[in-house]
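All chains should be modelled from the sequences, with the hints used to inform the complete structure.
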Amino acid sequence: MPHRFPLAIRLLHWTMALLIIAMLFIGAAMVSTASPAYASLIALHRPLGIAILLLAALRLVLRFATGAPPLPADLPRVQQRAARGAHILLYLAMIGLPLIGWAMLSAGGYPVRLTAGFVLPPIVPRDALAYGLLRQTHGLIAFAFFALILGHLTVALIHRFVRRDGVLETMGFARAAALDPELAEPEEADEPEVEPAETPGP
Amino acid sequence: MITARPPLTTIAAIAAAPILLLSGFAWAGGWIGPPRIGGGTIADALESNAGKHEGYRRAHAKGVCFTGYFDASGGADALSRTPLLRSGRHAVIGRFSTGGGKPFATDGRNVFRAMALQLTGPDGEIWRLAMDHTPIFPVATPEAFVALQRAARPDPSTGKPDPAAMKAYLARHPETRAYQDHIAAAPLPDSFANSTYYSINAFRFIDGAGSAHAVRWAFEPEAAFGALDKAALASLPTDHLFTDLGARLARGPLRWRMIVTVAAPGDRTDDATVPWPAGRRRIDAGTLTIARAEPEESGACRDITFDPTILPDGIALSDDPLLAARSAAYASSFGRRAVEAPGPSAVGKTLSQKGR
Ligand code: HEM
Ligand code: HEM
Ligand code: HEM
Chain F
1 MPHRFPLAIR
11 LLHWTMALLI
21 IAMLFIGAAM
31 VSTASPAYAS
41 LIALHRPLGI
51 AILLLAALRL
61 VLRFATGAPP
71 LPADLPRVQQ
81 RAARGAHILL
91 YLAMIGLPLI
101 GWAMLSAGGY
111 PVRLTAGFVL
121 PPIVPRDALA
131 YGLLRQTHGL
141 IAFAFFALIL
151 GHLTVALIHR
161 FVRRDGVLET
171 MGFARAAALD
181 PELAEPEEAD
191 EPEVEPAETP
201 GP
Chain C
1 MITARPPLTT
11 IAAIAAAPIL
21 LLSGFAWAGG
31 WIGPPRIGGG
41 TIADALESNA
51 GKHEGYRRAH
61 AKGVCFTGYF
71 DASGGADALS
81 RTPLLRSGRH
91 AVIGRFSTGG
101 GKPFATDGRN
111 VFRAMALQLT
121 GPDGEIWRLA
131 MDHTPIFPVA
141 TPEAFVALQR
151 AARPDPSTGK
161 PDPAAMKAYL
171 ARHPETRAYQ
181 DHIAAAPLPD
191 SFANSTYYSI
201 NAFRFIDGAG
211 SAHAVRWAFE
221 PEAAFGALDK
231 AALASLPTDH
241 LFTDLGARLA
251 RGPLRWRMIV
261 TVAAPGDRTD
271 DATVPWPAGR
281 RRIDAGTLTI
291 ARAEPEESGA
301 CRDITFDPTI
311 LPDGIALSDD
321 PLLAARSAAY
331 ASSFGRRAVE
341 APGPSAVGKT
351 LSQKGR
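Same order as they appear, the protein sequences are chains F and C.
Residue numbering for the first sequence follows full-length UniProt numbering, beginning at 1 and increasing consecutively.
Residue numbering for the second sequence follows full-length UniProt numbering, beginning at 1 and increasing consecutively.
Since the hints were derived computationally from the structure, they do not count as laboratory data.
Everything numeric in this text was worked out from a predicted model, so none of it was measured.
One or more of the hints may lead you astray.
To give an idea of the interface, some chain F residues facing chain C are shown, with a C-beta separation under 7 angstroms as derived from the structure [claimed, not checked]:
#	residue
1	A29
2	S32
3	T33
4	A34
5	P36
6	Y38
7	V112
8	L114
9	T115
10	G117
11	G132
12	A156
13	L157
14	G166
A partial selection of chain F residues facing chain C, derived with a Cβ cut-off under 10 angstroms [as the list claims (entries may be wrong)]:
#	residue
15	M30
16	G109
17	F146
Calculated pairs, SDA-like style, for lysine to any residue (alpha carbon to alpha carbon, straight line, at most 20 angstroms) [said to hold, decoys possible]:
#	chain 1	residue 1	chain 2	residue 2
18	C	K102	C	A152
19	C	K102	C	T158
20	C	K52	F	A51
21	C	K52	F	G132
22	C	K354	C	A341
23	C	K52	C	A341
From the three backbone atoms N, C-alpha and C, an ideal C-beta is built for every residue, glycine too.
Structure, rendered in structure tokens:
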């Protein structure tokens with residue numbers, strides 16, 4: 001039984017965690033200002049957001065292909081369910097939020113410019129009301145996403161420092177020998193020795 | 001695996017992580033720290049001045065849509081690599097408007113006459129331009145814009161701005177006084193058709209080799225100039241400018257030359273209150289033809305925002321701080337009006353009354 005996520009997923013998890021937190025900060029900062037930073041931040045916000053969408057799609061494919069290590073057996077059922085639900089919501093947000101960003105600009109008639117010469121096509125028809133509603137939804141979901149991430153982070157730290165049950169380590173890069181002796185396994189056992197039947201889907 | 005109650009230090013250390021992140025977020029969003037001016041602050045200031053007119057633009061609320069085309073002459077081809085300035089014809093949709101946030105205001109006011117354009121290039125790339133009939137703007141920064149809106153806010157009891165507030169504002173902003181002197185002295189065009197429309201803000205044209213050229217531009221009318229009698233503005237029919245436009249277009253299309261002015265070294269590109277000295281190089285970049293006007297109800301212009309930072313590759317922002325401020329403010333105004341039910345336009349209302 002693999003005791004941690006495949007390397008590719010771990011790398012993606014931490015790269016994306018940094019990107020997503022950066023994006024939340026960029027988003028909040030840009031709408032707070034009408035200084036020249038607004039223009040530069042929004043020019044950064046679009047391509048970074050689309051990059052997150054692509055990485056999330058890749059991650060989801062990998063996740064379906066490889067599965068996940070089981071949660072500790074002594075974790076109460078409700079908590080297992082809550083973890084699963086929270087993870088599904090995290091996946092939904094990291095795919096849904098950039099899609100909403102792209103759709104809202106499409107509906108508002110804004111070109112979705114990623115770099116000087118590269119503009120994405122619109123994904124929904126022009127409609128002012130849709131723009132307005134999607135714009136509000138983008139903000140609301142972004143804030144809910146941030147709240148969820150704070151909860152996720154707190155629970156991860158509780159696993160690590162209170163329960164000490166090796167859950168944080170399933171996303172970690174520590175060498176097996178450095179882990180708690182009872183968790184230690186030979187390095188080779190790390191990589192996808194998959195049991196998708198155990199945890200289907202995220 | 002839970003052993004014992006975790007020590008308080010552990011709990012505190014764990015709680016510190018989300019609290020730190022949350023504080024950082026609150027700082028990034030400007031909820032803590034000194035107050036910031038965002039697009040929303042600007043939209044609020046405009047609303048508190050003109051009143052909140054749901055469904056309408058928070059500025060330039062009174063307007064009419066039009067369609068036409070731009071024949072680029074290729075004259076500016078050497079300065080910018082955009083296909084929109086290469087010789088050829090490009091579709092145009094646009095909007096004429098008057099300044100202010102009241103959708104049914106009278107045209108008998110000494111305010112901006114404005115023209116907004118969207119040019120669509122051969123590859124679908126778009127360029128939005130929003131221009132006023134004065135070569136300079138009353139303020140140079142978003143801070144001054146908001147301060148001016150607040151100083152000009154009508155007192156609810158008198159319906160007039162507080163003269164003391166305006167005096168205090170003007171004492172700190174000589175650039176606004178210079179603008180007021182200009183607009184008081186300059187003749188006020190008697191038609192949308194014979195006004196010159198200025199970019200006011202500077203932009204940068206990027207040529208094929210990647211070099212940048214600071215420019216401003218203006219659309220100069222073919223129609224002969226005529227001025228309104230400023231002393232008789234009060235007796236002007238409410239929709240005079242819009243009726244006049246309809247009558248002129250019924251006689252035939254209207255034309256403007258696009259004149260690009262290239263900055264000389266040392267010309268300021270970051271201050272929209274300062275005109276460039278005369279004698280700068282002028283390039284005729286093409287001819288705009290407006291064929292047909294349509295009320296906002298049925299036209300294509302109402303549901304887009306003429307954000308002047310929407311530029312094709314080959315045209316870029318300058319260091320003028322008003323550009324980003326406009327982008328933020330237009331987004332906020334657009335976001336607000338988009339979720340409100342759009343109301344009738346002044347022109348549409350007149351048409352439907354005539355129809356009955
Ligand atoms: C994971 C990805 C993303 C995150 C975390 C994110 C986050 C945010 C946040 C926090 C805001 C401020 C919301 C508010 O205060 O109401 C925002 C606004 C915005 N986002 Fe995103 N966003 C993402 C993806 C995108 C994408 C892909 C696009 C477009 C292609 C986009 C376009 C925008 C725009 C246009 C605004 C509003 C700007 C304005 O109205 O002034 N976002 N985003
Ligand atoms: C933007 C921030 C983050 C996002 C979007 C995110 C998303 C996710 C998702 C979707 C999973 C589920 C993986 C799966 O089953 O496929 C996950 C797992 C995990 N994350 Fe995060 N995460 C973020 C930040 C963090 C942070 C800051 C930490 C820790 C301090 C963390 C620790 C973990 C751990 C330990 C797991 C494994 C949980 C398990 O095996 O059930 N994450 N994360
Ligand atoms: C900081 C300075 C400025 C602010 C805050 C500002 C604000 C606004 C706002 C909120 C709108 C309504 C946008 C919408 O709902 O779609 C608007 C429209 C417009 N503005 Fe500005 N503006 C500024 C400077 C300028 C300048 C310098 C010009 C001219 C060169 C200009 C020309 C226009 C025009 C033509 C429109 C009407 C566009 C249309 O017909 O849709 N503005 N402005």
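Structure-based check of each hint:
Hint on A29/F holds. Least Cβ distance to chain C is approximately 4 angstroms, under the 7 angstroms limit. Here the hint on S32/F is kept, as its CB sits about 4 angstroms from the closest CB of chain C, short of 7 angstroms. The beta carbon of T33/F comes within 5 angstroms of a beta carbon in chain C, closer than 7 angstroms, and the hint placing it at the interface holds. Because the smallest distance between the Cβ of A34/F and any Cβ of chain C comes to about 4 angstroms, under 7 angstroms, the interface hint for this residue holds.
Hint on P36/F holds. Least Cβ distance to chain C is approximately 5 angstroms, under the 7 angstroms limit. Contact between Y38/F and chain C, as hinted, is supported at the beta carbon level, the nearest pair being about 5 angstroms apart and thus within 7 angstroms. A hinted interface residue such as V112/F counts as satisfied when its beta carbon comes closer than 7 angstroms to some beta carbon of chain C; here the least separation is about 11 angstroms, so the hint is violated. Here the hint on L114/F is broken, as its CB sits about 12 angstroms from the closest CB of chain C, past 7 angstroms.
Checking T115/F against chain C: minimum C-beta separation of about 9 angstroms lies over 7 angstroms; hint violated. Checking G117/F against chain C: minimum C-beta separation of about 5 angstroms stays under 7 angstroms; hint holds. The criterion of a C-beta within 7 angstroms of any C-beta in chain C is met by G132/F, whose closest approach is roughly 3 angstroms, and the hint holds. Of the supplied interface hints, the one on A156/F is violated, with its beta-carbon coming no nearer than about 9 angstroms to a beta-carbon of chain C, more than 7 angstroms.
A least Cβ separation of about 4 angstroms between L157/F and chain C falls short of the 7 angstroms threshold, and the interface hint therefore holds. At a threshold of 7 angstroms, the smallest CB-CB gap from G166/F to chain C is about 9 angstroms, leaving the interface hint violated. For the restraint placing M30/F at the interface with chain C, the shortest Cβ-Cβ distance is roughly 8 angstroms, inside the 10 angstroms limit, so the hint holds. Checking G109/F against chain C: minimum C-beta separation of about 4 angstroms stays under 10 angstroms; hint holds.
A hinted interface residue such as F146/F counts as satisfied when its beta carbon comes closer than 10 angstroms to some beta carbon of chain C; here the least separation is about 6 angstroms, so the hint holds. For the proposed pair K102/C and A152/C, the alpha carbon gap of about 15 angstroms is at most 20 angstroms, so the pair holds. For the proposed pair K102/C and T158/C, the alpha carbon gap of about 18 angstroms is at most 20 angstroms, so the pair holds. Simply put, K52/C and A51/F have alpha-carbon atoms about 39 angstroms apart, too far for the 20 angstroms limit, and the pair is violated.
Our distance criterion of 20 angstroms between C-alpha atoms is met by K52/C and G132/F, whose separation comes to about 17 angstroms. Proposed proximity of K354/C and A341/C is contradicted: the alpha carbons are some 24 angstroms apart, above 20 angstroms. With a C-alpha separation of about 13 angstroms, the suggested pair K52/C and A341/C falls inside the 20 angstroms cut-off, and the hint holds.
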